[in-house]
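> Sequence:
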Amino acid sequence: MESALITNVRHVQALEEALATLENAMAAADADCMATDLRTALVALGSITGEAVDEAVVERIFSRFCVGK
1 MESALITNVR HVQALEEALA TLENAMAAAD ADCMATDLRT ALVALGSITG EAVDEAVVER
61 IFSRFCVGK
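Just so you know, full-length UniProt numbering puts 55 at position 55 of the sequence shown, and the rest follows in order with no gaps.
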């Protein structure tokens, strides 16, 4: 993996948030907590790329999981 220099403070903050929530997701006790953390990470990364993560995208990603059942 190549290193990248991030010079935008907002991007650094978004990457830190995404990393923290992904770490939380990996340690989550249940699927609901994991899904919440993954969604938060997606939103943080989307704030960098300019892509809005809407409910349809989240539903498509999690359609393979049995969350909350």
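Note that these hints are calculated values from the structure, not bench results.
Fair warning: there could be bad hints in the mix.
Label-pair restraints from in silico Cβ distances [claimed, not checked]:
no., residue 1, residue 2, range
1, Ser3, Cys33, 17 to 23 Å
2, Ser63, Thr7, 35 to 41 Å
3, Ser3, Ala31, 18 to 24 Å
4, Ser63, Val9, 33 to 39 Å
5, Asp32, Ala4, 14 to 20 Å
6, Ala29, Thr49, 28 to 34 Å
Heads up, the beta-carbon is just placed ideally off N, CA and C, and yes, glycines get one too.
> All the hints need checking, so say for each whether the structure fits it.
Hints and how they fare:
1. For Ser3 paired with Cys33, a C-beta distance near 31 Å fails the hint of 17 to 23 Å.
2. One distance hint, 35 to 41 Å for the beta-carbon pair Ser63 and Thr7, holds here, with the actual separation near 37 Å.
3. The beta-carbon spacing between Ser3 and Ala31, approximately 34 Å, falls outside the hinted interval of 18 to 24 Å.
4. Checked against the given bound of 33 to 39 Å, the beta carbons of Ser63 and Val9, roughly 35 Å apart, stay inside it.
5. Between Asp32 and Ala4, the C-beta spacing of about 33 Å breaks the proposed range 14 to 20 Å.
6. Separated by about 30 Å at the C-beta atoms, Ala29 and Thr49 satisfy the suggested range of 28 to 34 Å.
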